[in-house]
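Q: Line by line, the protein sequences are chains G and C. Here this note's numbering is used: position 92 in the first sequence is 353, and no number is missing along the way. Here this note's numbering is used: position 247 in the second sequence is 508, and no number is missing along the way.
One or more hints might be untrue.
When chains are identical, the list treats them as one kind, so a pair holds in a single copy or across two.
What the hints assert, rightly or not - Derived lysine to any residue pairs resembling SDA-like cross-links, with alpha carbons at most 25 Å apart: (1) 617 <-> 280; (2) 528 <-> 482; (3) 547 <-> 628; (4) 476 <-> 575; (5) 313 <-> 463.
The hints are simulated quantities; they were obtained by calculation from the structure and are not laboratory data. Since the structure is predicted, the reported quantities are computational estimates derived from the model, not experimental observations.
There are 2 protein chains.
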Amino acid sequence: MNSIEQPASTADILNSVVSDINSERLEDLSNKLDEFHPSEVANLLESLPPVKRKILWGIIPGEQEGEVLTHMRDEARAAIIEEMKQDQLLAAAGNMNASKLANVLGELPNDISDNIFQALEDDHRKRLETVLSYDEKTAGRIMNTDVISVRQNVTLAVVLRWLRRHLMLPVHTDALMVIDEENRYLGKLHLSNVVIGAPDELVQNVMRSDANSIKASCSITEVAALFERRDLISVAVLDENDHLLGRITIDDVVDIIREQADATLLKSAGLNEEQDLFSPILPSAKQRGLWLGLNLITVFFAAWVIGQFQEVLDEIVALAVLMPIVASMGGIAGSQTLTLTIRGLALDQIAKSNIKWLTMKEIAVGGLNGLVWAVTVAIASFIWFDNKGIAIILAVAMLLNLLAASLSGVIIPLILNRMGIDPALSGAVILTTITDVIGFLSFLGLASLYLL
Amino acid sequence: MNSIEQPASTADILNSVVSDINSERLEDLSNKLDEFHPSEVANLLESLPPVKRKILWGIIPGEQEGEVLTHMRDEARAAIIEEMKQDQLLAAAGNMNASKLANVLGELPNDISDNIFQALEDDHRKRLETVLSYDEKTAGRIMNTDVISVRQNVTLAVVLRWLRRHLMLPVHTDALMVIDEENRYLGKLHLSNVVIGAPDELVQNVMRSDANSIKASCSITEVAALFERRDLISVAVLDENDHLLGRITIDDVVDIIREQADATLLKSAGLNEEQDLFSPILPSAKQRGLWLGLNLITVFFAAWVIGQFQEVLDEIVALAVLMPIVASMGGIAGSQTLTLTIRGLALDQIAKSNIKWLTMKEIAVGGLNGLVWAVTVAIASFIWFDNKGIAIILAVAMLLNLLAASLSGVIIPLILNRMGIDPALSGAVILTTITDVIGFLSFLGLASLYLL
Numbered sequence: 262m263n264s265i266e267q268p269a270s271t272a273d274i275l276n277s278v279v280s281d282i283n284s285e286r287l288e289d290l291s292n293k294l295d296e297f298h299p300s301e302v303a304n305l306l307e308s309l310p311p312v313k314r315k316i317l318w319g320i321i322p323g324e325q326e327g328e329v330l331t332h333m334r335d336e337a338r339a340a341i342i343e344e345m346k347q348d349q350l351l352a353a354a355g356n357m358n359a360s361k362l363a364n365v366l367g368e369l370p371n372d373i374s375d376n377i378f379q380a381l382e383d384d385h386r387k388r389l390e391t392v393l394s395y396d397e398k399t400a401g402r403i404m405n406t407d408v409i410s411v412r413q414n415v416t417l418a419v420v421l422r423w424l425r426r427h428l429m430l431p432v433h434t435d436a437l438m439v440i441d442e443e444n445r446y447l448g449k450l451h452l453s454n455v456v457i458g459a460p461d462e463l464v465q466n467v468m469r470s471d472a473n474s475i476k477a478s479c480s481i482t483e484v485a486a487l488f489e490r491r492d493l494i495s496v497a498v499l500d501e502n503d504h505l506l507g508r509i510t511i512d513d514v515v516d517i518i519r520e521q522a523d524a525t526l527l528k529s530a531g532l533n534e535e536q537d538l539f540s541p542i543l544p545s546a547k548q549r550g551l552w553l554g555l556n557l558i559t560v561f562f563a564a565w566v567i568g569q570f571q572e573v574l575d576e577i578v579a580l581a582v583l584m585p586i587v588a589s590m591g592g593i594a595g596s597q598t599l600t601l602t603i604r605g606l607a608l609d610q611i612a613k614s615n616i617k618w619l620t621m622k623e624i625a626v627g628g629l630n631g632l633v634w635a636v637t638v639a640i641a642s643f644i645w646f647d648n649k650g651i652a653i654i655l656a657v658a659m660l661l662n663l664l665a666a667s668l669s670g671v672i673i674p675l676i677l678n679r680m681g682i683d684p685a686l687s688g689a690v691i692l693t694t695i696t697d698v699i700g701f702l703s704f705l706g707l708a709s710l711y712l713l
Numbered sequence: 262m263n264s265i266e267q268p269a270s271t272a273d274i275l276n277s278v279v280s281d282i283n284s285e286r287l288e289d290l291s292n293k294l295d296e297f298h299p300s301e302v303a304n305l306l307e308s309l310p311p312v313k314r315k316i317l318w319g320i321i322p323g324e325q326e327g328e329v330l331t332h333m334r335d336e337a338r339a340a341i342i343e344e345m346k347q348d349q350l351l352a353a354a355g356n357m358n359a360s361k362l363a364n365v366l367g368e369l370p371n372d373i374s375d376n377i378f379q380a381l382e383d384d385h386r387k388r389l390e391t392v393l394s395y396d397e398k399t400a401g402r403i404m405n406t407d408v409i410s411v412r413q414n415v416t417l418a419v420v421l422r423w424l425r426r427h428l429m430l431p432v433h434t435d436a437l438m439v440i441d442e443e444n445r446y447l448g449k450l451h452l453s454n455v456v457i458g459a460p461d462e463l464v465q466n467v468m469r470s471d472a473n474s475i476k477a478s479c480s481i482t483e484v485a486a487l488f489e490r491r492d493l494i495s496v497a498v499l500d501e502n503d504h505l506l507g508r509i510t511i512d513d514v515v516d517i518i519r520e521q522a523d524a525t526l527l528k529s530a531g532l533n534e535e536q537d538l539f540s541p542i543l544p545s546a547k548q549r550g551l552w553l554g555l556n557l558i559t560v561f562f563a564a565w566v567i568g569q570f571q572e573v574l575d576e577i578v579a580l581a582v583l584m585p586i587v588a589s590m591g592g593i594a595g596s597q598t599l600t601l602t603i604r605g606l607a608l609d610q611i612a613k614s615n616i617k618w619l620t621m622k623e624i625a626v627g628g629l630n631g632l633v634w635a636v637t638v639a640i641a642s643f644i645w646f647d648n649k650g651i652a653i654i655l656a657v658a659m660l661l662n663l664l665a666a667s668l669s670g671v672i673i674p675l676i677l678n679r680m681g682i683d684p685a686l687s688g689a690v691i692l693t694t695i696t697d698v699i700g701f702l703s704f705l706g707l708a709s710l711y712l713l
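Please build the complete structure, drawing on both the sequences and the hints.
A: Okay, here's the thing in structure tokens:
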């Protein structure tokens with residue numbers, strides 16, 4: 262029995278692995294590895310800086326390498342594959358299922374992936390070809406071909422007899438797929454129906470013909486949504502003519518959900534979703550440098566706006582002190598609306614019919630908060646600088662910026678979404694550019710109109 | 262057969278529901294609802310503004326209300342429950358499983374939840390009591406008590422015969438739990454082993470005694486991590502003495518994973534994870550106003566820092582124009598490091614043994630980018646203002662701020678984590694306060710030292 266009530270925490274495990282590596286107790290380490298699931302070994306590898314990662318990889322038994330690689334994120338995996346010898350790679354490829362292998366092959370140089378492709382066993386290559394014939398991020402690309410199918414016109418006793426010839430069923434087999442003579446999908450026969458049904462019952466009488474199925478061309482986002490909404494364990498994948506190709510199981514969907522959530526978080530900071538925590542310095546710096554460069558352009562634009570008001574800034578230095586407040590508050594209020602809208606879009610909760618209501622509501626919320634905090638900053642700034650004109654202009658600018666921020670927070674992601682651009686990636690940059698510019702423009706503009 | 266190749270998109274469905282409501286075609290709408298899964302109805306409800314939401318809720322058949330409510334997020338659900346009559350609530354409660362009902366009861370006023378509790382059938386109340394005896398966010402609180410258990414010393418034929426007495430098995434029954442005479446958990450008997458095993462085989466010979474189990478006191482975060490790492494469908498939940506209490510299934514875990522990902526995203530903008538897209542204006546404004554107020558304090562602090570340098574700002578107005586660049590670039594670079602560190606912590610990839618390496622790497626990345634972009638802004642600002650001193654000071658301040666940002670991006674979430682504060686919630690506020698202050702301080706400070 263393997264209870265996790267008081268498990269060694271992952272951090273403890275990581276620390277002990279590192280100390281084993283540091284003191285070269287590789288045999289101890291190798292014994293420890295035996296207890297871990299390949300996905301846990303993969304996570305350990307991702308948690309190590311390059312040199313230590315290499316040492317740990319070196320002691321993973323050859324027959325486990327394929328499984329461990331499939332559980333790693335792209336960037337960290339690519340770093341390991343780069344250093345593998347070709348025969349090692351071939352052996353690892355033999356242990357990967359078709360959909361994972363398709364993923365890995367895409368990252369390799371053409372000549373190496375060709376070699377691997379040729380070296381596979383016939384069966385394996387055929388399955389790989391099927392999977393590769395579908396686009397990335399579709400059901401066909403992530404499906405498993407290890408599906409067990411039965412005919413509708415046999416009895417459960419026959420099914421049972423036939424199943425007993427198997428030494429084991431594929432993992433996560435909650436159901437068998439029912440097909441006709443031409444391999445067309447008819448429905449699902451749950452194992453639970455096999456075990457509770459009368460032996461002389463026909464399959465067609467206990468199968469679920471209303472079970473969901475998925476076309477191979479369906480996007481993985483839709484697949485994940487279907488699994489989530491309908492609480493599914495496995496779903497049949499069909500070609501355009503309803504022939505059974507394979508199945509998708511919930512464990513793959515869990516990975517998709519996790520990756521998509523991860524991607525949303527990382528993209529908001531301009532990071533690649535496959536970013537390796539311990540990737541080398543130069544590639545990391547380059548990736549992030551691009552994002553910083555983009556931001557530099559937008560902030561230079563904001564600076565240029567300020568530059569248009571040098572006269573009034575020269576006259577009243579308090580404006581320079583107070584102007585970041587207007588811009589910053591707009592950025593915060595806007596990002597709240599932006600985040601809600603991005604989530605609403607991800608959950609399919611926003612459509613033409615409720616956009617107007619949502620926009621009005623967000624503007625009302627922004628206006629209310631704008632009023633409250635405008636009065637607050639006006640009082641605070643009046644106490645600080647003892648200048649009624651500045652206080653009033655600060656309040657008005659803040660209210661204007663919060664209204665603009667709320668409106669932008671709804672509209673920007675909607676426009677980006679319609680243009681096919683992921684709002685999680687560029688929504689925040691565009692939004693803060695707008696709130697910066699409107700913040701500086703309204704505050705300094707009003708000041709130069711009324712205070713000069 | 263129910264293929265989703267060309268489904269009406271969720272947005273289309275939502276639009277047609279709204280148009281039905283607007284033109285009062287409630288009968289059509291009611292027919293449509295029959296085709297939807299309760300979770301889809303829940304999502305529709307969450308996508309509607311208050312008035313329309315009420316109309317849609319009104320035509321949901323009474324016997325489905327319980328299921329629909331369990332699939333809604335807290336805030337939207339609370340808005341509906343508030344308007345329900347007590348007998349409606351009682352009926353809905355009767356259709357919720359114990360773990361979901363425990364959730365809902367926690368949100369109700371004490372007298373109403375007491376009434377519901379008393380009105381439940383004995384069985385249901387007992388199950389609810391068990392679930393309620395565990396803390397929120399633990400395995401015991403989310404488990405299902407509908408678990409089928411068998412003894413280890415019977416044959417598979419006996420198990421099969423016994424199973425055939427059931428009309429149906431609980432959903433997601435991939436395995437039966439094996440227990441001894443005293444209800445102590447021994448292992449798992451997969452349905453696939455029941456169907457492929459020889460009928461005269463004893464349960465103890467085909468059960469998996471190494472199957473993971475979970476103590477009821479285990480946190481749901483650990484539960485989710487275990488399911489993800491080990492690709493599980495269901496796991497037995499045990500009390501302190503290894504007695505079988507119930508089971509947790511993957512569909513509940515998928516909900517947990519989605520909620521946690523959601524929470525991380527929303528918290529980064531200071532929003533409540535249960536935030537309702539269409540909650541009324543006043544509560545929304547209040548919730549978000551608090552976050553804006555907190556931000557106002559930090560930005561006033563940054564303004565105060567600027568205020569210390571009014572003399573040099575008064576002298577050289579270009580400083581006011583350029584100072585947001587230093588602060589903004591620090592904020593972006595810092596938030597990249599922060600996001601990576603927060604994800605590393607969430608994935609358990611950061612421990613004592615690699616913190617040093619990670620910190621050094623991030624500082625190196627920040628330093629490299631600092632150098633590159635410092636030179637760039639120096640050239641750009643020199644072209645703009647034709648002042649070598651300002652250009653050099655801008656470059657130096659930028660480099661300093663990017664180094665500080667990288668260091669803070671690693672250290673802040675680690676410190677917050679150790680203090681038991683969720684870095685996803687407050688990490689970004691603290692970070693941008695630091696990068697603002699260091700940005701203004703270094704730029705204006707150096708300027709007043711060398712340019713006055």
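Q: Indicate which option fits the pair residue 547, residue 628 if close means a Cα-Cα distance not exceeding 25 Å: within, between, both or neither.
A: Classified as between: cross-chain Cα gap 12 Å, same-chain 41 Å, threshold 25 Å.
Q: Pop the pair residue 476 and residue 575 into one bin, within, between, both or neither, using alpha-carbon distances up to 25 Å.
A: Intra 66 Å, inter 68 Å, cutoff 25 Å: neither.
Q: Between the shortest in-copy and the shortest cross-copy C-alpha distance, which are at most 25 Å for residue 617 and residue 280: within, between, both, or neither?
A: between (59 Å within a copy, 14 Å between copies)
Q: With identical chains, the pair residue 528 and residue 482 could be close in the same copy or across copies; at 25 Å between alpha carbons, which is it: within, between, both, or neither?
A: Both, since 17 Å and 24 Å are each at most 25 Å.
Q: State whether the alpha carbon distance between residue 313 and residue 463 is at most 25 Å within one copy, between copies, both, or neither.
A: neither (58 Å within a copy, 47 Å between copies)
Taken one by one, the earlier hints fail for this structure at numbers 4, 5, listed in ascending order.
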